[in-house]
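Participant: Chain by chain, the residues:
Number of protein chains: 2
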Amino acid sequence: MDKMDLIKELSQKNEKKIIFFVIDGLGGITYPEKGKTELEAAITPNLDKLAQESLCGLSVPISYGITPGSGPSHLSLFGYDPLKHDIGRGVLEALGLGLTMTKNDLAARANFATLDYEKNIVVDRRAGRPATEKTVELCKFLQEKIPNIGDVEIIIKPGKGHRFVVLFRGEGLGEKIYDNDPQKDGHEPHTIREHSPDNESKKTSHIVNQFIDKAMSLIKDNGAMNYVLVRGFSKYPAIPSMKEAYKLTPAAIAVYPMYKGLAQLVGMDILKVPGETLSDEIALLKKEYNNYDFFYVHSKETDAFGEDGNFEGKVNKLNEIDKIIPELLSLDPDVLVITGDHSTPAVIKGHSWHPVPLLLRSKYKVLNTGVKRFTEQECLKGYLGIFSAQDVMPLAMANTFKLAKYGA
Amino acid sequence: MDKMDLIKELSQKNEKKIIFFVIDGLGGITYPEKGKTELEAAITPNLDKLAQESLCGLSVPISYGITPGSGPSHLSLFGYDPLKHDIGRGVLEALGLGLTMTKNDLAARANFATLDYEKNIVVDRRAGRPATEKTVELCKFLQEKIPNIGDVEIIIKPGKGHRFVVLFRGEGLGEKIYDNDPQKDGHEPHTIREHSPDNESKKTSHIVNQFIDKAMSLIKDNGAMNYVLVRGFSKYPAIPSMKEAYKLTPAAIAVYPMYKGLAQLVGMDILKVPGETLSDEIALLKKEYNNYDFFYVHSKETDAFGEDGNFEGKVNKLNEIDKIIPELLSLDPDVLVITGDHSTPAVIKGHSWHPVPLLLRSKYKVLNTGVKRFTEQECLKGYLGIFSAQDVMPLAMANTFKLAKYGA
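Chains as they are written, first to last, in the numbering used here: chain A, 1 to 408; chain B, 1 to 408.
Same shape as in the complex, but just chain A (with noise of 0.2 Å):
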């Protein structure tokens, strides 16, 4: 048995509601020059407090030393294993797109690009980054032209700016297959080929080839928009709802695609947020309040911030998701999460490894570790140290009596 099995079996339904408030890339570590990570930098009065009469420690989304992707790094969150269920880009782009998939399904991230025809030269990956409503168009038309290639149905779904999603519907596909982005401007395109010798990755390159050749022969006229590239092929995965495992009914608020996406792929409920803001997400949230037990409510931009190397404009961020802290606590949830996904220190320019400050509040309240801010060190002297960011689900539950007793 392993662990979500054991969870499985123990959980039980209640009343009692979690919130989990996920803020992406969080964690930081010391910027060089001032001395202080984001969090200590940033004037954090309401998460300070929460802190002080928290749970607090350390998650860590995979393990010491590995930097997660936000599919992994989200799925541990939820509590599943994200070495078990390995989640291909196509997968959560697709699902953040709204397509619902099947067990036949194999998804592809792919955008519009602009190749040399000439010199057979991909000049630019993102097609001069056309305005989404040309891709929704183009997108229209491929749809209408390219139905199906042989047996499998072809599904295609505009996404934001150059990018869309193809999904390939059909018996027998596979996903062991390498794209067709040369990753640089400047070279030429890869034929799809596969990289395993079972037949259903054979198919799958055959098809998808014959997918690119005719585009190609569709929108080779179509100026900047004239080829496409397709990378990120995955198969539905896979995985237990989290109905199923843990007996809940759960909902997301999210606004980026891959969030919503995610959130669909463990059977969460996925709600229309009316609007772009953290404050329409809690908007939502308290609306929506009565509806579930279970909510994750995503918020984006310290993540970009950190990648962009932007350190004050994530101290920023974190100033302003303070102030809305009130409007979670208003709610008075039985178990408040907030935590990161991973930690996007600005220093580094991306995600990284280091692990995730996170505060739990109960109505259990442990003990006084002295703990005094939400920030790494702080969290450090936690009552929860430095721990596997799938515990947290467990933790969550047990402080709403969501798991009964194991064994007599």
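Hints in this document: simulated from the structure, not taken from any laboratory. Please note that the accuracy of each hint is not assured.
Identical copies look the same in the list; a pair holds intra-copy or inter-copy alike.
To be verified - 20 Å max Cα-Cα, derived PhoX-like pairs, lysine-lysine:
#1 LYS381 to LYS36
#2 LYS3 to LYS84
#3 LYS36 to LYS363
#4 LYS157 to LYS214
#5 LYS3 to LYS36
Using the hints, position chain B against chain A.
Facilitator: The following block gives chain B in isolation, referenced to the frame of chain A:
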């Protein structure tokens, strides 16, 4: 996918350099008469300053409560699961003596002993501690007289003092056999027996008994060195090299055979130290610094003093080691790890299960956790907390950006 598979998938080559400085048996516990651990009693201004600037923690070699031998504890430090890769003492000894092993080899540690042939009693398990030259000579004689037993080739290599190694090279040998060592002087030697009914182990017990009988008939009149004890039977294990697993070009700088053997087992180049002191080792490190991207530097004496229960001896050795730290720092490695393979508290007079102080100095300082000294107690306050020694390699790799992001 297990963690090693993950690391293997994510590892990437770059120019950054990692040094692991392993102070054998480093960790201690409070020595009652002194009220301090060895590290607390030592005067270590350089290590203390380094601890203040580093990530600190206590590493658990195997798991809570488990006292490791040097083999498993080093495997952990090198990132391998020591429960998955069980390395026999015979193999370590053979590699340490510079023998190259094949997959058909069974290694055994051996030594000359004194048998009272009339009473069939081992009267001195160490044959009066002969000079190494005598063992060299007698091994040469035995090797000439016993080139093989049936289809099994015999390879004999002298070690220090009364010790030597026997390799049994042939098809179908098994390692599940007991030894002939009575463990105490004044007892009868055992006949070699298998403790598993497999044919390989049966064949082997038969071969080894013949080897002992032949040796007896050849040396029975050779004074104190008139008998052989063989033990620690072990086959060469299949273990991925650090080159495969981490894409590193690793080198080992160690004086004692076992540590060189261990390093060779995980695919390190064994550099020949021109002397026996830590200064000799550091001089070699400087000379070879441009030729490798990972260095394992081993210092043995602290462990020996701990084993002897010599608190002051271990403290003095730590004082000496501290003086050499500036030389390590002068190389300015991208990551410098200083730790032990296990604890050897003088009060316990042997290896122990206690977590081992560790510092990891990275270009990416995380936080100022207020660690003041390189001691057990201060490391406990550190950012790494109490963590598995198997996570040291991934952390070192992460801090040198030798691990790609996991998932999208």
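Participant: Now tell me, hint by hint, if it's right for this structure.
Facilitator: Consistency of the hints with the structure:
When the C-alpha separation of LYS381 and LYS36 is checked against a cutoff of 20 Å, the pair qualifies both within a copy, at 17 Å, and between copies, at 19 Å. For the identical chains of this complex, LYS3 and LYS84 are neighbours both inside a copy (12 Å) and across copies (11 Å), given an alpha-carbon limit of 20 Å. In the homo-oligomer, the alpha carbons of LYS36 and LYS363 lie at most 20 Å apart only across protomers (15 Å), although the nearest pairing inside one protomer, at 32 Å, exceeds that limit. Only within a single protomer do LYS157 and LYS214 lie at most 20 Å apart by alpha-carbon distance; the minimum there is 17 Å, versus 70 Å between protomers.
For a Cα distance limit of 20 Å, the shortest separation of LYS3 from LYS36 qualifies neither inside one copy, at 37 Å, nor across copies, at 32 Å.
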